[in-house]
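Asker: Okay, here's what each chain looks like letter by letter:
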Amino acid sequence: MAIPRIRIDQVSKSFGPVQVIKNLSLDIERGEFVSLLGPSGSGKTTLLMLLAGFEQPSAGSILLDGSRIDHLPPHRRAMGVVFQNYALFPHMSVADNVAFPLKMRGMGRPEIESRVKRALDTVQLAAMRDRRPAQLSGGQQQRVALARALVFEPAVVLMDEPLGALDKQLREQMQLDIRELHKRLELTVVFVTHDQSEALTMSDRIAVFNQGLIEQIGSPRDIYDHPRTRFVAEFIGETNLLHGTVKDHYQDGTTIELDTSRHLTVPRIDASAGASVLVSVRPERIQLGPASVAAQNMLPTRVVDCVYQGDHLRVQLDEAAFGLVARLDRRSAEWPAGADVVAHFAPEDCWVVAA
Amino acid sequence: MTTLWQRAGHAALVLPLLLFLGLFFVWPLVTVLDQAVSDPVVSRHLPATSAASAAWDRSSAPPAEMRQALVRDLRAIDDDQIMGDLVRRLNSAQPGFRTLMKKTVTAARDSSGDLDLGEVDARWRDTAFWRAIAEATNPYTDRNLLAAIDLQRDRAGAIAAIPEGESANRAILLRTFLVASTVTLATGLIGLPYAMLVASATGWRRQLLLAAVLLPLWTSLLVRTTAWYILLQDQGLINSALSALGLIGKPLPLLFNRTGVIASGALLVFMAALGYYITPALIGGPKDQMISSVIAFYATGSANWGMAGALGIVLLAATLVLYGIYGRLSATNTRG
Amino acid sequence: MLRVSRFIFGAATVLFLLAPLIAILPLAFTSGSMLTYPITSVSLRWFEELATADAWHRSIVNSLIVGAGTTVLATVLGTLAALALRRRVMFHATLRTLFLLPMVVPAVVLGIGLQILLARLGLANTYVAVIVAHTVLAVPFVLVSVSASLDGIDPQVERAAASLGAAPARVYLLVTLPLTMPGILSGAALAFATSLDEVVLTLFVAGPNQLTLARQMFSSIRENISPVIVAAAFIFIVGTVAIGGLLAAVRQRSMRTSAIP
Numbered sequence: 001m002a003i004p005r006i007r008i009d010q011v012s013k014s015f016g017p018v019q020v021i022k023n024l025s026l027d028i029e030r031g032e033f034v035s036l037l038g039p040s041g042s043g044k045t046t047l048l049m050l051l052a053g054f055e056q057p058s059a060g061s062i063l064l065d066g067s068r069i070d071h072l073p074p075h076r077r078a079m080g081v082v083f084q085n086y087a088l089f090p091h092m093s094v095a096d097n098v099a100f101p102l103k104m105r106g107m108g109r110p111e112i113e114s115r116v117k118r119a120l121d122t123v124q125l126a127a128m129r130d131r132r133p134a135q136l137s138g139g140q141q142q143r144v145a146l147a148r149a150l151v152f153e154p155a156v157v158l159m160d161e162p163l164g165a166l167d168k169q170l171r172e173q174m175q176l177d178i179r180e181l182h183k184r185l186e187l188t189v190v191f192v193t194h195d196q197s198e199a200l201t202m203s204d205r206i207a208v209f210n211q212g213l214i215e216q217i218g219s220p221r222d223i224y225d226h227p228r229t230r231f232v233a234e235f236i237g238e239t240n241l242l243h244g245t246v247k248d249h250y251q252d253g254t255t256i257e258l259d260t261s262r263h264l265t266v267p268r269i270d271a272s273a274g275a276s277v278l279v280s281v282r283p284e285r286i287q288l289g290p291a292s293v294a295a296q297n298m299l300p301t302r303v304v305d306c307v308y309q310g311d312h313l314r315v316q317l318d319e320a321a322f323g324l325v326a327r328l329d330r331r332s333a334e335w336p337a338g339a340d341v342v343a344h345f346a347p348e349d350c351w352v353v354a355a
Numbered sequence: 001m002t003t004l005w006q007r008a009g010h011a012a013l014v015l016p017l018l019l020f021l022g023l024f025f026v027w028p029l030v031t032v033l034d035q036a037v038s039d040p041v042v043s044r045h046l047p048a049t050s051a052a053s054a055a056w057d058r059s060s061a062p063p064a065e066m067r068q069a070l071v072r073d074l075r076a077i078d079d080d081q082i083m084g085d086l087v088r089r090l091n092s093a094q095p096g097f098r099t100l101m102k103k104t105v106t107a108a109r110d111s112s113g114d115l116d117l118g119e120v121d122a123r124w125r126d127t128a129f130w131r132a133i134a135e136a137t138n139p140y141t142d143r144n145l146l147a148a149i150d151l152q153r154d155r156a157g158a159i160a161a162i163p164e165g166e167s168a169n170r171a172i173l174l175r176t177f178l179v180a181s182t183v184t185l186a187t188g189l190i191g192l193p194y195a196m197l198v199a200s201a202t203g204w205r206r207q208l209l210l211a212a213v214l215l216p217l218w219t220s221l222l223v224r225t226t227a228w229y230i231l232l233q234d235q236g237l238i239n240s241a242l243s244a245l246g247l248i249g250k251p252l253p254l255l256f257n258r259t260g261v262i263a264s265g266a267l268l269v270f271m272a273a274l275g276y277y278i279t280p281a282l283i284g285g286p287k288d289q290m291i292s293s294v295i296a297f298y299a300t301g302s303a304n305w306g307m308a309g310a311l312g313i314v315l316l317a318a319t320l321v322l323y324g325i326y327g328r329l330s331a332t333n334t335r336g
Numbered sequence: 001m002l003r004v005s006r007f008i009f010g011a012a013t014v015l016f017l018l019a020p021l022i023a024i025l026p027l028a029f030t031s032g033s034m035l036t037y038p039i040t041s042v043s044l045r046w047f048e049e050l051a052t053a054d055a056w057h058r059s060i061v062n063s064l065i066v067g068a069g070t071t072v073l074a075t076v077l078g079t080l081a082a083l084a085l086r087r088r089v090m091f092h093a094t095l096r097t098l099f100l101l102p103m104v105v106p107a108v109v110l111g112i113g114l115q116i117l118l119a120r121l122g123l124a125n126t127y128v129a130v131i132v133a134h135t136v137l138a139v140p141f142v143l144v145s146v147s148a149s150l151d152g153i154d155p156q157v158e159r160a161a162a163s164l165g166a167a168p169a170r171v172y173l174l175v176t177l178p179l180t181m182p183g184i185l186s187g188a189a190l191a192f193a194t195s196l197d198e199v200v201l202t203l204f205v206a207g208p209n210q211l212t213l214a215r216q217m218f219s220s221i222r223e224n225i226s227p228v229i230v231a232a233a234f235i236f237i238v239g240t241v242a243i244g245g246l247l248a249a250v251r252q253r254s255m256r257t258s259a260i261p
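Going down the list, the protein sequences come from chains A, B and C. With my numbering, the residue at position 206 of the first sequence is 206, and numbering never jumps. With my numbering, the residue at position 33 of the second sequence is 33, and numbering never jumps. With my numbering, the residue at position 228 of the third sequence is 228, and numbering never jumps.
By construction, these hints were calculated from the structure, which means they are not laboratory data. Think of the CB as a built atom: it goes at the ideal place given N, C-alpha and C, for glycine as much as any other residue. Errors might be hidden in some of the hints.
Said to hold, decoys possible - Label-pair ranges, simulated between beta-carbon atoms:
#1 B:Pro40 with C:Glu48: 51 to 59 Å
#2 B:Leu208 with C:Leu2: 17 to 25 Å
#3 C:Asp151 with B:Leu208: 56 to 64 Å
#4 C:Asp54 with B:Leu208: 39 to 47 Å
Said to hold, decoys possible - Which bits of chain A does chain C cover? Going by a derived footprint, with three or more residues having C-beta under 8 Å, they are:
#5 16-23
#6 87-95
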């Protein structure tokens, strides 16, 4: 088995009495794009700082290509870092900013020139090379920061919520650009974000952080379709969570009792009868039909609200359906408030999360 | 990230300035403090007497040991300057020492061995004179500090006021605070509306308003004071203008008095105004002298380091208290 | 009504602030020897006297020597201290208060103490004595100026430099110092201006051969006031305006390069 590019081995970090990272272990392979996803204060940025060398772990070790680096100062770690507010050198031109890491490595002038040119071309900012950062827009500064972090071909690139300050359109464009760069240059990227849709778009794997621990790590599909904890289920995408207890097991299904009169059929799970569970049903999996519809999971209910969101319709249902929210295709007919309707979905649309 | 070494090296950056200020700022201030409270003449130059007086109860007749110690000490002094200082110090506590000492020293030098001081002069039989010596053996004194606020110790040793007309320090201190307060008030009254004006102004008007404030701030204090001096002269601009306009008959005395001081000082704030030396020195009249000039007078004029120091301490203490208040206020401001 | 009174107030205050300076400047060019208006004829004799009269000439040279020495010493000490106080070193609040105290303490009190101390150290009547005294007063200005500049530096920028391969010393030299330069220069200019203006301490510590221009002016005003003083004042004002203008220009330039949108 190949040595992972980065190995984080039982790392803990405390600031005074507060333990921000609790005994965390994570392997990142060569060429992987891993997102560290979580709310503020969950420890994801701290882990990035530990990787970069700006903080020391209180316990545990960090290895790069098999050798320990946690005692190395930042300037010896050869990692490219892109900061949240770009951190460009305000007193240097764009070209000098990008040339900086090459100068630090003692490269010759002509070599520096050609590399800087190539880097600026990659981010399409060759025309700005003599400008100062203050004269650039946010998006342009972001690209300079990227070019600067990549120009010396580091083994690993660390990004700390680099797209947070950009507007939606620019952000989405940059997400694709970064993803493309990652593939083309075969970079190993560790990307911190609190935006789950961003993580879903860009990553090979997502590590979901909660209070200093990784609750789940997996591919975007894994994380979205099969969240392992309530936190992950609620953090990724929007979902409906229903409380219930395990009633019966069949050959290829399990009955979950929601209350005395309502129950759901979900794919077969491994839990004893009477166990408490949470069932997650994504809004886009819920369909609404007339009373005559027949399906394995049906909840007769009434529409509270139906809002047009541009690319979909968002329908709020009442307590008969446990306040479920459904997302319908925008081409569907709009349901008037108060309309009687049956919310239905297949067992495969349900996912059981540990309670 | 920072090793112990790096952190130690970083902290060491503070040492050059710390040592520099320790030597050339703190030590001089401590020296001033020391000057204000020290009174080493007797303890240093009458060592045996000082030692012997520790055992004396100050009410009955002084022991023979002490008397002979005095004789020995007097014989040991050969510097006229020191003798002069000694006599002055003792005389200020108990009048009559001048002639007494002269007589005694002569008698001591003309003889050897034990000497009956009572025979030399009858005053030596009066314990008051011995008590004056005993009290003066304390190398520290509060005389100057008390005098700084017009107080003194009476015969019994209690604190009492200095008689009317003999010392004007309290009046001067009060005046200093008064002038500083008036200056501060004037500054506030003018400055606040002015600041509001600047905040609402734009373009060239704003630049002009700001420049008008910054230029005087920047320009040498001395220059500004000179300027005020010239303006406020009897034949200065203001008076000429006023008389040309027919508003006054003879020139207004704007110089060498209070109005001039306040008008020119209104640009500064209280703390700086407290320590104000130049402006009152040049523009104020004799009734407008502020405490700094008095301090300087004691120091450079009459070499009374004790008084200079004591007054300086009062001023310094007031300033530090204010600085403390200022620090507290600005801390709460930034937090709030 | 309010507009008119605001205008009058503003104009009156500006007049009050600037009048003394503007009013006396023309007197520097009077050919008479009295400091009164009207000026009957113009001449440069007072500037000539400044340049040639022994006492004045020497005092200008002394001011430049002392000013240069103070600027160098105060800037070095103040900058080092500002760099040190950037991190939360032990007692950093106490240290900062101590370092700023010279601005507040009455100069007369300090003057007395310094005179005694310098005499004891055998430094009486030397340039070193005056430079040292001026430096004590000037350092707080340098400290405040450089500290303000350092506070304005985004620490992420220094971290970025480190992440790109710069060892701590190189970060200081290539990133921190250039970004602090406006603060250092302002501080140096303030130190020079403080030294130029300083009279009180100079009264106590300067010997007859180290009389600075300010000290000389002070004596002249006391003893025999003549237009030569105004000529000296003129130079002061012009010099100060020049330094102020230079600082403003430096600040403009630095704001343009380091502003982050």
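Asker: Look at each hint and say if it fits the structure.
Answerer: Now the hints, each set against the structure:
The hinted range of 51 to 59 Å is satisfied by Pro40 (chain B) and Glu48 (chain C), whose Cβ atoms lie roughly 54 Å apart. For Leu208 (chain B) and Leu2 (chain C), the hinted distance range of 17 to 25 Å is satisfied, since their beta carbons lie about 20 Å from each other. Range check, Asp151 (chain C) to Leu208 (chain B): about 30 Å between beta-carbon atoms, so the 56 to 64 Å window is missed. Separation of Asp54 (chain C) from Leu208 (chain B) is about 41 Å and conforms to the stated range, judged on CB atoms against 39 to 47 Å.
Counting residues of the stretch 16-23 of chain A whose beta-carbon sits less than 8 Å from any beta-carbon of chain C gives 0, not enough to reach three: the coverage restraint is violated. By the rule of at least three residues with a Cβ nearer than 8 Å to a Cβ of chain C, the coverage given for the stretch 87-95 of chain A holds, with 5 such residues.
The structure does not agree with the numbered hints 3 and 5 stated previously, though it agrees with the rest.
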